[in-house]
Amino acid sequence: MSRTVYVNGDYLPEQEAKISVFDRGFLFADAVYEVTSVLSGKLVDFAAHMKRLERSLSELKMATPASDAELLAIHRELVKRNGIDEGMVYMQVTRGAAD
1143 MSRTVYVNGD
1153 YLPEQEAKIS
1163 VFDRGFLFAD
1173 AVYEVTSVLS
1183 GKLVDFAAHM
1193 KRLERSLSEL
1203 KMATPASDAE
1213 LLAIHRELVK
1223 RNGIDEGMVY
1233 MQVTRGAAD
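Going by our numbering, the sequence shown opens with residue 1143, and the numbers climb by one from there.
The set of hints was computed from the structure by calculation and includes no laboratory data.
A hint or two may mislead.
[What the hints assert, rightly or not] Label pairs and their computed distance ranges (CB to CB): (1) E1212 <-> K1184: 12 to 20 Å; (2) A1211 <-> V1163: 29 to 37 Å; (3) A1240 <-> M1143: 30 to 38 Å; (4) K1203 <-> G1183: 33 to 41 Å; (5) M1230 <-> D1210: 16 to 24 Å; (6) A1239 <-> S1182: 32 to 40 Å.
Note that CB positions come from ideal geometry on N, CA and C, so glycine has one too.
Using the sequences plus the hints, can you model the full thing?
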């Protein structure tokens, strides 16, 4: 079964997901990631994960990609589309393609 991923505003089958070879996360590891556990189909401690994400992004002077409510909706949709009962949702935020 192919997983669904969320990349740059789109839900895609994982084999269709692409990022630029010039993305700063790819080139320089200039990125922040956060992993949220899923138990019984529910996200665990989501608010605490978002607080840590925002703190990490702030330290690196990176923009938050969306509001907590938007990120929660995206995470829930990924859990639903992928039928995750127990697992995790991995999120990575980069600065995008280098100029």
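A quick look at each hint next to the structure:
Range check, E1212 to K1184: Cβ separation about 19 Å, and the 12 to 20 Å hint holds. The given range of 29 to 37 Å is respected by A1211 and V1163, whose C-beta atoms sit roughly 33 Å from each other. A1240 and M1143 have their C-beta atoms about 35 Å apart, which keeps the hinted 30 to 38 Å range intact. For K1203 and G1183, the hinted distance range of 33 to 41 Å is satisfied, since their beta carbons lie about 36 Å from each other.
At roughly 18 Å, the beta-carbon separation of M1230 and D1210 lies within the given 16 to 24 Å, and the hint holds. Between A1239 and S1182 the CB atoms are about 38 Å apart, so this pair conforms to the stated range of 32 to 40 Å.
In this structure, every one of the numbered hints holds.
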